[in-house]
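Colleague: Sequence:
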Amino acid sequence: MDRMCSIERLTSSMSFHPPSPPSYSFEGTEDGSLKLVFAHHDMAAALLHMGRQRKVRCELKLLRTSRRQSIPLFHFICEGARMTVLWSHANAMDCGEMYFFFIELAARLNVNVAAYDYSGYGAATGQPTESNAYSDARAAFDYLVSTGIDAETQIILYGQSIGSAPTLYLATKRKYAAVILHTPILSGLRFLIPPPPGLCTWQGCCSPRCVYAPCDPFPNFKRIRRVSAPVLLIHGTADRTVHYSHSLTLYERLPPQHRREPYIIEGAGHENIVDYDVDGYFRRVQAFLSDVSSLSSNGRSTSDSAYPMASRTATVASAPLTRARGDGIDLHTVNMHPSCESEESAGKGGCNTGAPPTALHMQR
Numbered sequence: 001m002d003r004m005c006s007i008e009r010l011t012s013s014m015s016f017h018p019p020s021p022p023s024y025s026f027e028g029t030e031d032g033s034l035k036l037v038f039a040h041h042d043m044a045a046a047l048l049h050m051g052r053q054r055k056v057r058c059e060l061k062l063l064r065t066s067r068r069q070s071i072p073l074f075h076f077i078c079e080g081a082r083m084t085v086l087w088s089h090a091n092a093m094d095c096g097e098m099y100f101f102f103i104e105l106a107a108r109l110n111v112n113v114a115a116y117d118y119s120g121y122g123a124a125t126g127q128p129t130e131s132n133a134y135s136d137a138r139a140a141f142d143y144l145v146s147t148g149i150d151a152e153t154q155i156i157l158y159g160q161s162i163g164s165a166p167t168l169y170l171a172t173k174r175k176y177a178a179v180i181l182h183t184p185i186l187s188g189l190r191f192l193i194p195p196p197p198g199l200c201t202w203q204g205c206c207s208p209r210c211v212y213a214p215c216d217p218f219p220n221f222k223r224i225r226r227v228s229a230p231v232l233l234i235h236g237t238a239d240r241t242v243h244y245s246h247s248l249t250l251y252e253r254l255p256p257q258h259r260r261e262p263y264i265i266e267g268a269g270h271e272n273i274v275d276y277d278v279d280g281y282f283r284r285v286q287a288f289l290s291d292v293s294s295l296s297s298n299g300r301s302t303s304d305s306a307y308p309m310a311s312r313t314a315t316v317a318s319a320p321l322t323r324a325r326g327d328g329i330d331l332h333t334v335n336m337h338p339s340c341e342s343e344e345s346a347g348k349g350g351c352n353t354g355a356p357p358t359a360l361h362m363q364r
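Quick note: the sequence shown uses the UniProt record's numbering, first residue 1, plus one each step.
You may find that some hints are simply not true.
[Stated by the list, open to error] Here are the simulated PhoX-like cross-link-like pairs (lysine-lysine), alpha carbons at most 20 angstroms apart as the crow flies:
(1) Lys61 x Lys35
(2) Lys222 x Lys173
(3) Lys175 x Lys222
[Unchecked claim] Here are the simulated distance ranges between beta carbons:
(4) Pro21 x Phe100: 13 to 23 angstroms
(5) Ser25 x Ala287: 34 to 44 angstroms
(6) Phe282 x Leu60: 24 to 34 angstroms
(7) Val145 x Pro21: 24 to 34 angstroms
(8) Met50 x Pro256: 39 to 49 angstroms
(9) Val145 x Arg67: 18 to 28 angstroms
(10) Arg226 x Lys35: 39 to 49 angstroms
Calculated directly from the structure, the hints in this document are not laboratory data. Every value quoted in this text rests on a predicted model; they were computed, and no experiment measured them. Using N, Cα and C, we set each Cβ at its ideal position, and we do this for glycine too.
Model the full structure from these sequences, guided by the hints.
Modeller: Dropping the structure here:
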């Protein structure tokens with residue numbers, strides 16, 4: 001009963017599913033540093049086998065948040081890298097499960113990667129809530145700035161699934177170079193509940209999406225209008241957890257000068273965006289980062305990009321998907337979910353199956 005009386009507690013119970021037990025823990029060492037200890041033998045063995053990487057090293061930190069929680073930060077430092085990707089992960093994983101992927105990401109893209117766990121995840125204290133997640137993201141961002149990073153030219157905000165919420169929250173509060181949204185959601189209610197048949201009908205006016213609109217958590221569809229740098233959206237057409245119309249609607253709501261052609265992958269699902277076409281993923285993200293880096297180096301506004309912008313917003317079409325797997329999709333040929341057939345319905349609610357969020361399996 002107590003849980004049902006708190007909107008945030010109810011939201012948390014439905015939105016956050018930290019691995020139990022966590023995939024890792026931190027241990028102190030004699031020199032005062034932190035040591036990573038994996039709970040799973042295969043991951044521990046992989047860490048030992050890897051030994052010392054010449055190109056990428058990982059620094060472990062415990063950060064104090066404004067809500068008095070302690071959260072871990074994994075800072076993967078790539079030799080010679082200029083840009084830093086601040087990664088906000090999905091709802092059913094922790095940074096330990098992503099550890100080896102982050103090393104690959106840093107090495108292949110020649111970037112530093114900073115990843116943090118939400119309160120209640122991994123080695124973090126507290127409970128996972130929407131408010132805590134925003135506080136956690138601020139702590140991670142502000143730590144990076146405290147190390148001397150120029151946020152406006154060097155920090156890339158990257159949000160995966162529910163991590164799109166703290167990412168877009170930061171995008172309205174801080175300066176940064178660019179944003180990448182990986183299978184993002186429009187909002188909490190728009191993820192859970194399909195759009196009503198019509199807002200002027202009794203079904204529409206009385207639908208939970210309308211009745212509980214003031215309590216809608218993770219309002220990405222509002223925040224994306226306030227971004228101040230280029231945004232790359234990544235989604236798969238076979239995503240059964242968060243329908244790819246969420247990304248298309250977010251794209252439509254972007255300020256035009258910050259739109260970049262979305263990377264819509266034909267046949268990819270929610271959990272296999274990277275593994276579905278590994279080389280295609282890294283090529284597309286690298287092209288985006290290279291463009292952002294070039295703009296920053298030349299002192300130009302990141303809105304004055306030569307990187308391809310989608311020239312037309314996503315529209316409903318009956319034509320089938322026409323582009324090859326992993327090559328992206330012409331927005332003119334997207335056959336959208338039937339319940340997202342207008343700006344009114346798509347803009348005010350995404351389409352999904354109602355399935356619970358799941359982890360993205362990117363252990364490499």
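Colleague: Take the hints in turn and mark each one as holding or not.
Modeller: Taking the hints in turn, this is what the structure says about them:
1. Lys61 x Lys35: holds, 10 angstroms
2. Lys222 x Lys173: holds, 14 angstroms
3. Lys175 x Lys222: Holds. Lys175 to Lys222 sits at ~18 angstroms (cutoff 20 angstroms).
4. Pro21 x Phe100: 13 to 23 angstroms: holds, 19 angstroms
5. Ser25 x Ala287: 34 to 44 angstroms: holds, 38 angstroms
6. Phe282 x Leu60: 24 to 34 angstroms: holds, 26 angstroms
7. Val145 x Pro21: 24 to 34 angstroms: Once the Cβ atoms are compared, 33 angstroms apart, the range 24 to 34 angstroms for Pro21 and Val145 holds.
8. Met50 x Pro256: 39 to 49 angstroms: holds, 44 angstroms
9. Val145 x Arg67: 18 to 28 angstroms: Holds: the Cβ-Cβ distance is about 19 angstroms, inside 18 to 28 angstroms.
10. Arg226 x Lys35: 39 to 49 angstroms: holds, 40 angstroms
Of the hints listed earlier, there is not a single one the structure fails to meet.
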